[in-house]
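Chains A and B are the protein sequences, given in the same order. Sequence positions in the first sequence follow the numbering used here and run 320 to 399. Sequence positions in the second sequence follow the numbering used here and run 734 to 1284.
There could be a bad hint or two in this list.
[Said to hold, decoys possible] Heads up, simulated PhoX-like pairs for lysine-lysine below, C-alpha to C-alpha not over 20 Å straight-line:
#, chain 1, residue 1, chain 2, residue 2
1, A, Lys389, B, Lys1037
2, A, Lys389, B, Lys882
3, B, Lys851, B, Lys1004
4, A, Lys389, B, Lys1012
By construction, these hints were calculated from the structure, which means they are not laboratory data.
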Amino acid sequence: MPPVIDHETCTGCGICVEICSEDVFYGSQPGEIPTVTYPKECSHFSGCVSVCPVKAITLRIPLPMLLVYKPAADELQTPY
Amino acid sequence: MREAMTIQEEIIKTDVLCVGGGIAGLMAAIRAAELGARVVVAEKGNPLYSGCGRMGNDHFETWIPEVHGEDRDAWIDELLGTAKGEILISRDILRAQFSKAYEVVQLWDSYGIPMKYKGRWEFAGHTFPGRPFTHVKYEGRFQKKILVKQARNRGVEIHSRVMIFDLIHAGGAVIGAIGTNTREDKVYIFQAKAVLLGTGKCSRLYPSLTPGWMFNDPHGNVQSGDGRAMAFRAGAELQNLEMPQRHIGPKYFAKFGQATWVGVVRDWYGKPAGTFADKPDRKYGDMLCEVNKLAPEQYVRAGKGPLYMDCTGISEEDLRYMQHWFVHEGNSSLLDHMQDEGIDLRRHPIEFATYPLRGGGLISANEKAQTTIRGLYAAGDEAYGDISAAATFGYIGGENAAAYAAGTTEADIETRRSFIEEKKSMIDRLRGRSDGPDWEETQAALQQTMHDYAGHVRNESLLLQGWHHLRRIRDKAEATLLARNPHELGRCLEVLNLLDLADMTFVMALDRKETRGLHVRPDYPFTNPMLNQAHIISRRNEKPHLQWRPY
């Protein structure tokens, strides 16, 4: 669940921990890779994604939040 | 259980305390500091990324003389006549907003928030084809960062992770506030000559778009009506809490910005649902989204759903234009998601949904952003929302709060020590329990009750039953709610505020004996023109007191 931190890239700078208003990273320790303690409280605004200086964060959009879109004409399938 | 009064305490003295570091709170802080006041902003998150404007905005409602002509009143009349629909506030407030909004637009531009596009005033969206434009397009992606910097430049002291949860008042005036740190067990007592509330909207009173998933709300999820609840407890008047709101937007990725979309609202077969657009038009979008936010739900119920925001047929240039403004509206996560999923707006219509009910109402504040209590101001979604109103009334409120503070003697917060200790004991109880419902469980019970008993249809017996049930939940929450850490303590305090607002919603819904907007009372099926007034609630002798007052 969002956000997902790439442990290889993350430098533990803590900017994401500092700015997240929902504080999904609550309890993270300075200098260490942040812990996503409260993933369900994420608002999916990508604040953390945008401030990360090394682009180590991506949002994984939870299944219930997937956009619903109409398939294009060439993608329409016949169910039966 | 831990002993009471063990929690650490810090006292901070200031002239003006801004509660909430959103657009309104920061603008109030900037203006009050500019006028020489000592100013503190307390924000439960971080003002760099808090509030509805956290990741940006792209529309600012304003009159601009070189675009609309010198006759401002004629533009305001046009706005009230068409674009606004039914408004539940005083027209004097709107006039005050638009007398100042253009000045604020120029100020923002001078701060470095680009209010012009390619060197000119750009207008698009939120307007009926052929009518005067109402919202200037602006590049607000970094507005919060810029406003925080402007506030700091003026000496404003900002406290992040401090959630104010009650006002301290004495002798009919507000003299401070009490807050808690959401990362450590620490209480802050603010002694302030004036307090401005700017805590935003009221999310989480009703279930979100996704059942069981509380945090899927376009308004942001941590705006829990804190200001409204604490203003009420301090004796201020609130109004129209029983008038719920619903918004419209992409399903199921709940995000704002219907006026940023360049498309036509169509059904599965490609037939437009409204009469305002028949092809994607970057200037106007499809005003159906504003005229009738219920359209997607109505289509589904009528067996004609779903409805889509259909951008197919858009030119490459207009697509880039729309994507540019999505970023400034704060919707970069939506763009990323579409890219990740292979969703191409040139080929794929996006389903739109009518979002669920949300709490309505506001803190009664006049055109000076003054509430009905001395020393207490309110601005932004708390009092009357949207970016333009938040910025303008924040600015106006900061000005008046600073003037009030300059003419007021400091009141000693220690005269209210017993109240402070009572609040600290409450926090100690929440933090000390090892067994009991947590905030999530309590909120699920609250949302279920609101949905079932103060939801889409209301009548006397349903409301009475719901109110009694809510009272049980509230009593149990007050007696047993637990917070495992300072973060959960903040969430618990939010839920307690929501419980107060839910209680008031039931009381006011019972008292509004008519059907109006989304307040549907089949036992009073008609709109009563005699009630074209503000419905006011305040606390007198520990009981709710209701009255009607002309706007």
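Against the structure, the hints:
At roughly 15 Å between alpha-carbon atoms, lysine 389 of chain A and lysine 1037 of chain B fall within 20 Å of each other, so this suggested pair holds. Between lysine 389 of chain A and lysine 882 of chain B the CA atoms are separated by roughly 43 Å; this puts the pair beyond 20 Å, and the hint is violated. Simply put, lysine 851 of chain B and lysine 1004 of chain B have alpha-carbon atoms about 35 Å apart, too far for the 20 Å limit, and the pair is violated. For the proposed pair lysine 389 of chain A and lysine 1012 of chain B, the alpha carbon gap of about 18 Å is at most 20 Å, so the pair holds.
When the structure is compared with the earlier hints, violations turn up for hints 2 and 3 and for no others.
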